[in-house]
Amino acid sequence: MTGGLIREDDDTFLTNEIRFAVASPKPTTQVSGMLRFCLALILSAATAQAENKVRIAAAANLAHVIEALTAEFQTANPDTKAETSLGASGSLVAQITHGAPFDVFLSADMDYPRALSANNQADAASLTPFAIGRLVLWTTNSQIKLIDPESALTDSHVRRIAIAHPDTAPYGSAALETLEKLNLTSKLRPKIVIGENVSQVAQFVASGNADLGFVALSLVLAPQLRDRGQWIEVPATWHTPIIQGAVITKKGTTNPKALLFLTFLQSPEARKIFARFGYHVPAQP
Amino acid sequence: MSDPAATFLGLSAPLWQALGLTVKLAAITTLILGILGLPLAHWLNTSRRRITPFIETLVALPIVLPPTVIGFYLLTAYSPQHPPGSWWQSATGTPLAFTFTGLVIASVFYSLPFAVQPFQAALRSVPVDLLEAASSLGTPPRRVFWKVHVPLAWRGIVAGLTLAFAHTLGEFGVVLMIGGSIPGVTKVASIALYDEVQKMSYPTAHAFAAVLLVMAFCLLLIVTLLQRRRSNT
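Chains as they are written, first to last, in my numbering: chain A, 35 to 319; chain B, 7 to 239.
Hints are computed from structural coordinates only; laboratory data are not their basis.
Source: prediction; values computed, not measured.
Errors might be hidden in some of the hints.
As the list claims (entries may be wrong) - Okay, the calculated bits of chain B under chain A, using three or more residues with CB under 8 Å as the criterion: (1) 38-52; (2) 132-145; (3) 180-190; (4) 201-210.
As the list claims (entries may be wrong) - Simulated pairs of lysine to any residue, SDA-like, Cα-Cα distance not exceeding 25 Å: (5) A/LYS179 with B/GLN95; (6) A/LYS225 with B/ALA19; (7) A/LYS225 with B/VAL191; (8) A/LYS215 with B/ILE188; (9) B/LYS205 with A/LYS179; (10) B/LYS205 with A/LYS306; (11) A/LYS225 with B/ILE188; (12) A/LYS215 with A/GLN129; (13) B/LYS205 with A/SER207; (14) A/LYS225 with B/ALA97; (15) B/LYS205 with A/ARG223; (16) A/LYS225 with B/GLN87; (17) A/LYS225 with B/TRP22; (18) A/LYS285 with B/THR82; (19) A/LYS306 with A/ILE277; (20) A/LYS179 with B/THR82; (21) B/LYS205 with A/LYS87; (22) A/LYS179 with A/LYS221; (23) A/LYS284 with B/LYS205; (24) B/LYS205 with A/ILE76; (25) A/LYS225 with B/PRO20; (26) A/LYS225 with B/VAL110; (27) A/LYS225 with B/THR107; (28) A/LYS225 with B/GLY190; (29) A/LYS225 with A/ALA270; (30) A/LYS225 with B/GLY26; (31) B/LYS205 with A/ALA159; (32) B/LYS205 with A/ALA97; (33) A/LYS285 with B/SER207; (34) A/LYS225 with B/GLN23; (35) A/LYS179 with B/GLN87; (36) B/LYS153 with B/ASN51; (37) B/LYS153 with B/GLY40; (38) B/LYS205 with A/LEU161; (39) B/LYS205 with B/PRO73; (40) A/LYS87 with A/PHE298.
Don't be surprised by glycine CBs; every beta carbon is placed ideally from N, CA and C.
So here's chain B without its partners, still in its complex pose (with noise of 0.2 Å):
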């Protein structure tokens, strides 16, 4: 894979590199999602504070927000000139800008919605008569969250993990203002499918769309399985 021009399936190992970055962004941005997403969305389910309709607000903002205002506002937050860029470079040694840890942190918020949302709808739609059951037994809360709520919620939490990590694939605008398409680090997938339309490497861009099509597809077509299994049933 490290010859350039090698090619596997008609795409060249620089663009099956960009296709293994992307995997590995979306794997890493969902499993954050995962763990920082469920309690978000439990919480947002049953918290009555003044504050939780903003707060809710906020977790559904990257659905209309155009990607350039959160790679714009990222641009700005990760410059080492100034707090907050300033305060990770002086603890790590490293600016956030064009890093892969920085692209992992703008798709948690990028994606945040789109695991967030199907998460409280999965957790709400478990009947709470099973969950009173379980408290009732004396199960700590924190316990029957874990172990009977998320549980019984699967296939839509499923569903959610499925959407954060084909939105993650997809993105394109923040990566664009805030990765600097370093091979290997920030150029994902939709960055090298870019740069082959620049490059008027037509065929190439082609195959490549092809190939992200066709993942795409599958990814949604998971998603909707699931969610008409639990309208069925």
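If we strip away everything but chain A, and leave its shape as in the complex, we get (with noise of 0.2 Å):
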């Protein structure tokens, strides 16, 4: 693109280049040792991978809580660095398949895990369900009252109401759930606008642009929004249960360091931050 908007000066710019190439005098050992220097720069970022180290690919739901997960684990691991990388489990899910070089996926869902299984991508056996998400309906206008779910949902000063791709992410095939179970998906259909997942959600709700959103209570209870705006939690029978499942991927099998992860996750430690952080955890195994 670029290209097209500087060909006005493209002749000139060309010339000088090969001016300066032509006078200068050995232009080929030149060429050659900036190709050298190009290749060490890449093959040094290559090498880079350091043995002790657990490269974790989280749901952007939990974007909160892993920070406090891989302080807690690195100190009980001080010789073990952990790595995150935050993104929608869909986006996760190709950037794995494609050779994305996480060792742990921390999804939304059970349901990504599992195609990741199946498609060898993943060790079956170590799927393990971590914590169970809780959905909640988030406002930042001050004029909708938050009594109930259903109230708040059919408030005259409701506009847009956000929630994450059905598809793609669970806390927003649990909106729709509870839109369903409360006979409301026709009548506010024309209000609903999509995040493209529950983060998004929040920035709709935290900006204002959407006047309530369903996100998740990890999210509202956030230190850089527990003080913005009012939640109500939505009943948990009202929907299919949000449980969240951990996966060692195939790279990750030859990492140890990844099983020793994914058993944290299981710790009374882990269960006290996920509490903490607005998650309900899975009954012991």
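The task is to assemble the complex, starting from two chains supplied on their own in separate frames and drawing on the hints.
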């Protein structure tokens, strides 16, 4: 694109470069030196894989809890470094399928890790439920009264209701099930806007562009959002439980630290952290 | 086209809807950029004010700014809880975020340099003596601009319009942040493709990506041909 933009000056630019190359005493040595430098850069990046490291791909709803988890994990295992990448579960699956260097995948549901295992990209036996998400309705519009979910959803001040993508985000499909349960789907459909994941739904509500949003309790309990607006929990019986599963990727099966992290996720310390950040924890196996 | 299960050329009706929406967005954006961008490019070329370099830099910013920066500022600006979003809300009764109008405004900002910079180059390429000859015959400046200057620079102007159109087709980050993925309103092609990848329907994603690739290639080929012709003459 920029090529087209600077075409006006292209000719002079090119000639200068050629003149420079011709004028320099040993043009070929210079070029090969530069090539070698670039190659060294690439190689150093590729070989910079320390062994005492676990790379974690985590669903967006875990944005805040994951920091506390990795901090606790590193306190317990000072010689192991935990690196986290956040994204929508579907994006992370696509990345892992195409060779992204993650050892553990913390999904927002159980289906994505299963799909990953079915494609031989993860160890099916390692699939572990580690947390149960809680769905809340959140607003930053002070005119809206949050007495119960139904009256909030039908409040006349509500113009836009944000939900996460129901096809790809478990918090989104739970939101749709809630609307279905309340018989409000067709009535509210024109007001619904879709966020790519729950974090984006939170953005829409925090900025005031959506009046109401279905988000994860973990997000509204986060320090950045804790004092903004008001929220009300959606009864867990109104939707399929949001069971979040973790799995060791194919690449992670060769890294013993991956299993170490997965075991840590089920430890009493980790379970305490999950509870503090607004998750339920599965019954102990 | 209303039956979501129907397919045409291997793509479902919702995907064609997304593609149609994208072309509509790009066409309207290009039209607005043509109307606003040409006088702006002329002003940037001729103005000797101290503020001009700052305006020119502002216009160029979207080339280097991450789309997320533009998206974030627009999301904040569109909010009906405070100005300017609240002004729009009270004037029109609807908020700007998650609307087609909101996307058009965003696209005009986002694609501005891709139109204005080629416009500037095209307008500069017209020999000054031709314009002076027109002025000396007593033609008012505005008439000289639209009747002599712009027609003489048409090749570069069409290149700029095509580039703006193509760049709007490729818009993703900004729409992701302010669109809300509403089918037929804000769910443009790049977002629909992203959703297909998210759903792991990779064959559909491949087909759709190929359609976008071919469209982008053809548009850029037009730009390249126009500019080659110009530099050869």
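Subject >> Hinted pair A/LYS225 and B/GLY26, Cα distance within 25 Å >> reply: Holds. A/LYS225 to B/GLY26 sits at ~23 Å (cutoff 25 Å).
Original post:
Regarding the pair B/LYS205 and A/ILE76, is the alpha-carbon distance no greater than 25 Å?
Top reply: Judged against 25 Å, a Cα distance of about 33 Å means the pair is violated.
Original post:
For the pair supplied as a hint, A/LYS215 and B/ILE188, is the alpha-carbon distance within the 25 Å limit?
Top reply: Holds, at about 22 Å.
Original post:
Do at least three Cβ atoms from the segment 201-210 of chain B come closer than 8 Å to Cβ atoms of chain A?
Top reply: holds (count 5)
Subject >> Satisfaction of hint between B/ALA97 and A/LYS225, Cα-Cα up to 25 Å >> reply: holds (20 Å)
Subject >> Within 8 Å of chain A's CB atoms, at least three CB atoms from the segment 38-52 of chain B: coverage verdict >> reply: The restraint on the segment 38-52 of chain B is violated, since only 0 of its residues have a Cβ under 8 Å from chain A and three are required.
Subject >> Pair hint outcome, A/LYS179 versus B/GLN87 [Cα-Cα no greater than 25 Å] >> reply: holds (17 Å)
**OP:** Please work out if B/LYS205 and A/ALA97 have their alpha carbons no farther apart than 25 Å.
**Re:** The hint holds at about 21 Å.
Subject >> Distance restraint between A/LYS284 and B/LYS205, which requires alpha-carbon spacing of 25 Å or less >> reply: Given that 25 Å is the threshold and the Cα spacing comes to 21 Å, the pair holds.
**OP:** Sort out whether A/ILE277 lies within 25 Å of A/LYS306, counting only the CA atoms.
**Re:** holds (17 Å)
Subject >> Satisfaction of hint between B/SER207 and A/LYS285, Cα-Cα up to 25 Å >> reply: Distance ~23 Å between A/LYS285 and B/SER207 Cα, so the pair holds.
Original post:
Is B/LYS153 within 25 Å of B/ASN51, Cα to Cα?
Top reply: holds (18 Å)
Violation of the numbered hints given earlier is confined to hints 1, 2, 9, 10, 12, 18, 21 and 24; the remaining hints are satisfied by the structure.
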